[in-house]
Amino acid sequence: MSWLKKLTSGLSKTSAKVTSSLSSLLGRTSIDASSLEEVEDALILADLGTAVASRLAEKVRRHKFDGEVTAAALADALSDGITEILEPVAIPLQVESGNSPHVVLLVGVNGSGKTTTAGKLAQQWRQQGKSVMLAAGDTFRAAAIEQLKVWGERTGTEVIAGDQGGDAAALAYQALEAARATGTEVLIIDTAGRLQNRSELMDELAKIVRVVRKLDETAPHDSVIVLDGTVGQNALSQVSAFREVADVSGLIVTKLDGSAKGGIVIALAEQFGLPVHAVGVGEGADDLQPFEARDFANALAGVDETSS
Amino acid sequence: MFDNLKDKLQDVFSALGKRGALRESDVDAALREVRLALLDADVALPVVKTFIASVRDKAVGSDVLKSVRPDQQVIKIVNDALVEVLGTDPAPLNIQVSPPAVILMAGLQGSGKTTTAGKLALRLRTRERKKVMLASLDVTRPAAREQLRILGEQAEVGVLPEADRESPAQIAKRALQAAKLQGFDVLILDTAGRVTIDEGLMAELREVKALTNPHEVLLVADALTGQDAVTTATAFNEAVDITGIVLTRLDGDSRGGAALSMREITGCPIKLVGVGEKQDALEEFDPARLAGRILDMGDVVALVEKAAETIEQEEAERLAKRMAKGQFDMNDFLSQLRQLQKMGGLGGIMGMLPGLGKMQKQIAAAGIDDSMIRRQEAIILSMTKKERVSVGVLNASRRKRIAAGSGTSVQEVNRLVKQYQDMSRMMKKLGGKSGAAMMKALSGGGLPGGLGGLGGGMPGGMPGGMPGGMPGNMPMGGKGGLPGLPGGLPGLGGKPSGKKK
Chain B
1 MSWLKKLTSG LSKTSAKVTS SLSSLLGRTS IDASSLEEVE DALILADLGT AVASRLAEKV
61 RRHKFDGEVT AAALADALSD GITEILEPVA IPLQVESGNS PHVVLLVGVN GSGKTTTAGK
121 LAQQWRQQGK SVMLAAGDTF RAAAIEQLKV WGERTGTEVI AGDQGGDAAA LAYQALEAAR
181 ATGTEVLIID TAGRLQNRSE LMDELAKIVR VVRKLDETAP HDSVIVLDGT VGQNALSQVS
241 AFREVADVSG LIVTKLDGSA KGGIVIALAE QFGLPVHAVG VGEGADDLQP FEARDFANAL
301 AGVDETSS
Chain A
1 MFDNLKDKLQ DVFSALGKRG ALRESDVDAA LREVRLALLD ADVALPVVKT FIASVRDKAV
61 GSDVLKSVRP DQQVIKIVND ALVEVLGTDP APLNIQVSPP AVILMAGLQG SGKTTTAGKL
121 ALRLRTRERK KVMLASLDVT RPAAREQLRI LGEQAEVGVL PEADRESPAQ IAKRALQAAK
181 LQGFDVLILD TAGRVTIDEG LMAELREVKA LTNPHEVLLV ADALTGQDAV TTATAFNEAV
241 DITGIVLTRL DGDSRGGAAL SMREITGCPI KLVGVGEKQD ALEEFDPARL AGRILDMGDV
301 VALVEKAAET IEQEEAERLA KRMAKGQFDM NDFLSQLRQL QKMGGLGGIM GMLPGLGKMQ
361 KQIAAAGIDD SMIRRQEAII LSMTKKERVS VGVLNASRRK RIAAGSGTSV QEVNRLVKQY
421 QDMSRMMKKL GGKSGAAMMK ALSGGGLPGG LGGLGGGMPG GMPGGMPGGM PGNMPMGGKG
481 GLPGLPGGLP GLGGKPSGKK K
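Order-wise, the sequence lines are chains B and A.
Mind the numbering: the first sequence is residues 1 to 308 in the working numbering, read in order.
Mind the numbering: the second sequence is residues 1 to 501 in the working numbering, read in order.
Hints listed in this document are in silico derivations from the structure and should not be mistaken for laboratory results.
Be a bit skeptical, because a hint or two may be false.
[What the hints assert, rightly or not] Here are the in silico distance ranges between beta carbons for each label pair: (1) A:K49 <-> B:I91: 36 to 42 Å; (2) B:Q94 <-> A:D89: 51 to 57 Å; (3) A:R129 <-> B:P88: 56 to 62 Å; (4) B:S97 <-> A:K131: 54 to 60 Å; (5) B:A181 <-> A:G200: 42 to 48 Å; (6) B:E87 <-> A:E84: 41 to 47 Å; (7) B:Q127 <-> A:T88: 54 to 60 Å; (8) B:E37 <-> A:S390: 20 to 26 Å; (9) B:A51 <-> A:Q182: 54 to 60 Å.
[To be verified] Below are the BS3-like pairs computed for lysine-lysine, each with C-alpha atoms no more than 30 Å apart in a straight line: (10) B:K149 <-> B:K130; (11) B:K149 <-> A:K321; (12) A:K385 <-> A:K428; (13) A:K49 <-> B:K59; (14) B:K207 <-> A:K278; (15) B:K214 <-> B:K130; (16) B:K59 <-> B:K149; (17) B:K130 <-> B:K59; (18) A:K418 <-> A:K321.
Built from N, CA and C at the ideal position, the CB exists for glycine as well.
Kindly produce the complete structure, drawing on both the sequences and the hints.
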């Protein structure tokens, strides 16, 4: 799997890979309290947060190791614990044919990768032979519209766009009308990045949702929050706020090809249980991959490195 | 912007405030909380560890253990350590050089480089009256160059015209030449976002740096960043020797621990912060002000008092209720003594009351000191449960046993019992008449009048014409001031409402 390779290679290059800091635990027959703290620290370094890290570490401590604790066994135990949390939320985005069109709304804070993700999603569905339309709903950031248009050209997707500074809700409405008129199967609406504590900007987002629902009560069928893989504990606040305003139904985590481990996904899964649809692992059109719980857990825990 | 971290630390310190005298174990408990608060604030683990260790070194020592208000001292130490990590002086941009001054912007994708480049251009043009040119070396992200051009136009600064099929290094060369020829004061080079583990892209950045010899290499970093802040900061610093950090999205509700992490890891100052979407929303970073915001240091004393107030208020109300019902027993007396200690003992309380300096000396001369409170505490602790509830059972042999058990003398036990009985009698009298009014007076905060009780129990009362109890009109502040308590009545808890001068 290419994304796993990218993710694993990314993780393997970082000095703080989860199990690499646990060498002092190897060769013991059980994990005591002091080494438990090491496991916990390693998980904290991966952005799992203190609460989740401590629960997972406790799980590892209670794990019955056969004989001595080896790096592989330790990584496996960690990976098992993580997989258990992530398995239920690893759900890919599905275009339902009953919707005409299936509306996907992309939301998130500035710079998380919404526009790039919109382009990659368009590419993915175009390759599946679906008709796709992009709506350039980021009318705020300079050249955001042009950026999406480039993605439209790359993927052979029509882009509905207005003027910079225009009303994003009106644009979304217009795009949905156009998609309906042309019988397009999927409409992807890009939106401007906004910090979740900026209520006036969140109101704008609520308006986009409201207006889209005037045409189709069931839309948006997927309201996806795009999260930067380097984000820390603030992601919890982001998901919580965007869920309230835009009925977020799932998430996509970007930039996992870097040194960030994206462990916040685990904390998010525990707290919200929202589906994790996909991960972004590069700037190319094909660098969006379905989220696989076991692969992610293995990469994070360093299973490959230690067992082979 | 750092409100959440501040709240966290305030929680920690409320807990401290409730503990009274700090022991080494208290410091550790407090620091465990500080550690969690910092981690939840996304301060990177290695930075947290260094920070906690340095605070612990300073906190666990004789100074803290001996001081009157150790909790305050720990707060001060935590605050000082925070200031130290954040840096102490504002760090202006190094652009007063023979033109053009070159500023190279670097960072991960989506950290806000292009937006910041635009903001910086506007700032330098309007505030420093510099002639600024923007040039985008980002040939990766679609429309990145167009974005910078639009921002440049909005800021009314020069923008290097785009040309096709140039490498970032070629653009950089052309930009430098153009800036020189056209007499620009400052050239801002925006670069493509890159992941630090992409060696090719990091090499490209090094090449651009070598070609342009920038006066400032600014790492643009997202304030929402988690633990990766350390890796990012380290990698960029190793590759291109950054000279400063610009922290973006500080107007969000993140706890912004990344600021602490990056500052500590790179040793580079945070020069500017992005605080909004508008083009002028770029501010100087003021570490001292920020540290002040984190800990609210000017208010440290009030902070601790407020924390103490909550619990003492509750306890005072509980005791007042019991007193009104005539249920005051030795357990209540003990609880009162302990509150007195919590407030820093006699010396601490005296120190808080304006104009009591003289009396402090008189009290010291009369041999009333904190050890007396501790001895009284020991006496009560040596009583059985039954004895504490019904003092009437205390016959001579029991008193002897208590004296031996507490390491005091029978005389001292007698004195305590008498003191208790005086108080108890007084309370019953009052409780019958105006219990409600008294309760109000007591819980409204006022002088911790256990003092009065002590005085009354002393042979000969307090020196200097203060027989049993404080005068009713002490300049105390607080709600309604000091209730005029009759001699020997222990005024209960409430916070020492007179601000320490």
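Okay, the hints, checked on the actual structure:
1. A:K49 <-> B:I91: 36 to 42 Å: holds, 38 Å
2. B:Q94 <-> A:D89: 51 to 57 Å: holds, 56 Å
3. A:R129 <-> B:P88: 56 to 62 Å: Given a distance of about 59 Å, which is inside 56 to 62 Å, the answer is holds.
4. B:S97 <-> A:K131: 54 to 60 Å: holds, 59 Å
5. B:A181 <-> A:G200: 42 to 48 Å: holds, 45 Å
6. B:E87 <-> A:E84: 41 to 47 Å: holds, 45 Å
7. B:Q127 <-> A:T88: 54 to 60 Å: holds, 56 Å
8. B:E37 <-> A:S390: 20 to 26 Å: violated, 50 Å
9. B:A51 <-> A:Q182: 54 to 60 Å: Because 56 Å falls inside the window, the suggested range holds.
10. B:K149 <-> B:K130: holds, 19 Å
11. B:K149 <-> A:K321: violated, 74 Å
12. A:K385 <-> A:K428: holds, 22 Å
13. A:K49 <-> B:K59: Holds: A:K49 and B:K59 sit about 24 Å apart, inside 30 Å.
14. B:K207 <-> A:K278: It holds: about 22 Å lies between the C-alpha atoms, which stays within 30 Å.
15. B:K214 <-> B:K130: holds, 25 Å
16. B:K59 <-> B:K149: violated, 48 Å
17. B:K130 <-> B:K59: Violated. B:K130 to B:K59 sits at ~44 Å, over the 30 Å cutoff.
18. A:K418 <-> A:K321: holds, 22 Å
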